[in-house]
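Protein chains in written order, with this note's numbering: chain U, 2 to 225; chain V, 3 to 402.
Calculated directly from the structure, the hints in this document are not laboratory data.
All residues carry an ideal CB built from backbone N, CA and C; glycine is no exception.
Check each hint, because a few of them may be wrong.
Label-pair restraints from in silico Cβ distances [as the list claims (entries may be wrong)]: (1) V/7 with U/138: 48 to 58 Å; (2) V/7 with U/133: 43 to 53 Å; (3) U/97 with V/262: 52 to 62 Å; (4) V/365 with U/81: 39 to 49 Å.
For lysine to any residue, the following SDA-like pairs were computed, each having C-alpha atoms within a straight-line distance of at most 20 Å [claimed, not checked]: (5) V/14 with U/105; (6) V/14 with U/145; (7) V/14 with U/67; (8) U/67 with U/101; (9) V/14 with U/12; (10) V/14 with U/102; (11) V/14 with U/103; (12) V/14 with V/267; (13) V/256 with V/267; (14) V/14 with U/142; (15) V/14 with U/147; (16) V/14 with U/101.
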Amino acid sequence: MSDEPLLLFEDVSKIYPLPAGDVVALDRVSLTVDPGEFIAVMGPSGSGKSTLLNMMGCLDIPTSGKIYLSGREVSSMSDDDLTRIRRDQIGFVFQQFNLIPLLSAIENVEFPLLLTAGRAENRRRAGEVLAAVGIGASHFFHRPGELSGGEQQRVAIARALANDPDLLLCDEPTGNLDSKTGTLIMELLAAENRRGKTVVIVTHDPEVAAYARRTIRLVDGRIV
Amino acid sequence: MIFFSFAVRNLKRHWIRSSLSIIGIIIGVVAIASLGIMGNSINLLVANVITDVGDTVVITPHTAFVGTFAGDPRTATDAAIPSREVAEIRRAANPHRTIPVLQGADEVEFGRGRSGYARIIGLAPGDIPALLNLAEGQYPRQNQPGALIGIHLAREYGIAPGARLRIGGESIRVAGVLAERGLAFDINPDYAIVVPDSWYENHFGVSDAYPVVIVRVSDIDEIDTVKEAIESRLNRRKEVVDVADSREILRQYKEVYRQITVFLLAIGGISLVIAAVNILNVMYISVTERIREIGVMRSIGAQRRDILRIFLYEAMILGLIGAIIGGVVSAASGYLISVVALDLVTAGMAFGEGLTVFDPGAVGYIIFGMAFGVATSIAAGFYPAWRAAHLNPIDAMRAR
């Protein structure tokens with residue numbers, strides 16, 4: 002790998018025009034994320050954490066400024082290209098787990114693989130990733146509703162890892178879990194980071210942030 | 003493919019809702035197909051029954067032409083064309099043959115104590131062979147009065163040439179049985195008795211009053227010339243007669259039945275539109291319920307067209323199932339409706355015998371109905387699917 006940053010934000014602003022006046026969610030944020038980093042993004046509600054994470058995940062584009070992912074400018078890409086990047090290079094883990102209720106555990110993990118045309122042995126790969134996050138084969142064909150919160154979040158992490166992304170983005174991944182299960186999930190993410198995966202976590206919880214090696218604090222859309 | 007199985011699972015999850023949508027489509031498809039078949043059967047029936055006498059001009063008194071065609075009974079009773087005008091027609095139509103027709107009805111005794119009312123048609127003996135063909139027997143001769151009996155009447159009462167009938171108490175010998183003619187625009191002798199004009203005038207005590215005058219035009223291209231000649235000679239000052247040729251009447255008939263078919267199809271179409279609105283509604287609910295799921299799928303890399311596909315598959319599956327069931331049901335119900343319709347229209351007649359209900363036209367309507375059902379479902383699913391595909395993933399995930 003080169004020493005090129007994985008993510009580069011240059012003066013990125015996001016402004017939501019509202020009738021009551023524009024809301025500045027991000028205010029000229031510049032930052033870099035290097036490959037292999039483990040970063041926690043902290044800050045009070047409304048400080049722009051989620052907006053920052055959405056920008057990193059190519060779910061949203063800035064009002065001004067530029068974002069580069071692996072050296073490619075993504076801030077002006079088409080929806081199709083951004084979707085392809087999300088599919089191939091980004092893994093998302095959500096606070097609400099957000100598994101697809103109609104699909105079994107293994108199908109949920111298979112889903113991003115199936116979106117990638119021409120990929121063989123999807124089922125086997127999905128099984129491997131599920132096993133790696135600690136889901137036993139007996140649970141592979143359970144629907145999300147039949148799994149505990151911790152199990153659902155493991156499946157969600159497996160789904161995020163299925164396409165072997167460059168960047169794992171987690172939005173309050175332990176927010177809906179008890180502290181013991183939360184710790185297990187954090188151990189899992191830390192293990193992924195040790196294996197070389199770049200991880201960015203948005204959190205309120207200092208204990209969660211303690212797993213990270215760098216913390217970015219946001220207040221009113223600015224890094225402090 | 004996972005998107006297809008996705009669609010199937012979602013439809014199964016809401017199976018009541020899905021079934022109701024499918025029932026809507028079935029009703030629409032059945033309505034279109036069976037009403038189409040019904041219209042088609044009526045068309046077939048008319049085409050089979052009506053004798054296309056392409057070389058005939060039919061002249062009726064103007065005031066009497068309140069019915070739909072010259073065979074209307076009112077034509078016979080309301081007014082008539084006097085001999086003076088018949089002579090005018092004859093001159094105008096020369097050299098084509100002009101045939102004045104007398105028509106009435108009387109009680110007929112067929113023998114063995116059986117009797118009933120029948121139409122009596124009076125024709126000049128010389129004109130009869132020009133107009134009507136014989137199945138058996140002979141044409142009546144000038145000096146030997148005899149009746150010709152319509153084939154259906156003859157069959158019904160078992161009448162053969164040589165038998166005697168009593169028409170209104172007056173005896174007459176049956177000279178021959180007429181060949182089947184079908185429903186024609188000039189005269190319909192299949193259920194009638196044809197007698198010489200002199201006998202008719204004596205019997206009914208009428209003369210000089212012809213409800214219909216027929217002109218046989220030897221060359222079809224001259225029909226318009228003949229019509230114009232008659233019109234200009236008789237209708238110069240005021241409308242005295244109505245002049246129609248059989249092609250024109252047949253064309254009007256076909257137009258009427260074509261409109262009936264279109265009307266029936268339109269009724270079917272309306273029910274399918276209602277079914278489409280139902281599908282639109284169901285799909286819309288489905289999109290709204292799954293808005294978050296759609297956002298998640300988009301955020302983990304599903305393209306807009308993938309989302310579009312999931313929802314279009316749902317609409318298509320609903321449409322296909324509805325169309326297939328609807329096709330089967332309409333084949334059955336169309337058959338029943340046609341049989342009943344044929345029965346009603348041809349009640350007591352032999353015309354409808356041997357008519358096939360399932361000709362290619364009817365099958366065409368079933369296929370048309372099914373294709374229309376599927377197409378309508380997909381069209382109805384398109385807007386909700388498009389809306390789902392164009393949701394902003396961030397907003398969609400935040401919903402609810």
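Legend entry - Which numbered hints fail: Hints 1, 2, 7, 8, 9, 12 not satisfied by this model.
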